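K.L.:
Modelling step: build the complete structure from the supplied sequences, incorporating the hints.
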Amino acid sequence: MGEYTWHYPRLLKPEFHSLDMDPEQARYGVPGRHLTGSATEMAALYEPGYFDVVIANGLIGYGLNEQAGYEHMLEQCHAVLKPGGLLILGYNDTPERAPFPVHIDALGL
1 MGEYTWHYPR LLKPEFHSLD MDPEQARYGV PGRHLTGSAT EMAALYEPGY FDVVIANGLI
61 GYGLNEQAGY EHMLEQCHAV LKPGGLLILG YNDTPERAPF PVHIDALGL
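Residue numbers (the UniProt record's numbering): 1 to 109.
Hints are not guaranteed to be accurate.
[As the list claims (entries may be wrong)] Derived DEER-like restraints, expressed as beta-carbon distance ranges: (1) Val53 with Gly32: 18 to 24 Å; (2) Ala98 with Gly32: 33 to 39 Å; (3) Asn65 with Ile88: 18 to 24 Å; (4) Ile88 with Pro48: 15 to 21 Å; (5) Glu41 with Leu86: 17 to 23 Å; (6) Leu87 with Pro23: 21 to 27 Å; (7) Asn57 with Glu24: 17 to 23 Å; (8) Gly90 with Leu45: 16 to 22 Å; (9) Thr94 with Ala44: 31 to 37 Å.
Keep in mind that the hints were calculated from the coordinates and are not lab data. Because the structure is a prediction, the values reported are computed rather than measured. Don't be surprised by glycine CBs; every beta carbon is placed ideally from N, CA and C.
P.N.:
Structure, rendered in structure tokens:
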């Protein structure tokens, strides 16, 4: 969570959770629904199939800088999504400038 996602709780009702490795970012999260941790460890933080939607935004090139970490994060998203759940993957640049090829279809998700 961060300054650029502060409005998500207002837009994504009724229940919005946030996760960030930086403890300072908790101030932007909903009290009691923000965790400090890594998107690469979501399955350890949430029950399997907990979420209808997972938004993974602003991670590629900003903490997830290698293909293996990215693929692990996708697997973690899949683990915490309900069957038929939606993964929204965003990154802050063009595919040509990402630190590695960004493909989701190779994982069969």
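K.L.:
Now tell me if each hint is right for this structure.
P.N.:
Consistency of the hints with the structure:
no.	hint	in the structure
1	Val53 with Gly32: 18 to 24 Å	holds (19 Å)
2	Ala98 with Gly32: 33 to 39 Å	holds (34 Å)
3	Asn65 with Ile88: 18 to 24 Å	holds (21 Å)
4	Ile88 with Pro48: 15 to 21 Å	holds (19 Å)
5	Glu41 with Leu86: 17 to 23 Å	holds (21 Å)
6	Leu87 with Pro23: 21 to 27 Å	holds (25 Å)
7	Asn57 with Glu24: 17 to 23 Å	holds (18 Å)
8	Gly90 with Leu45: 16 to 22 Å	holds (21 Å)
9	Thr94 with Ala44: 31 to 37 Å	holds (33 Å)
Of the hints listed earlier, there is not a single one the structure fails to meet.
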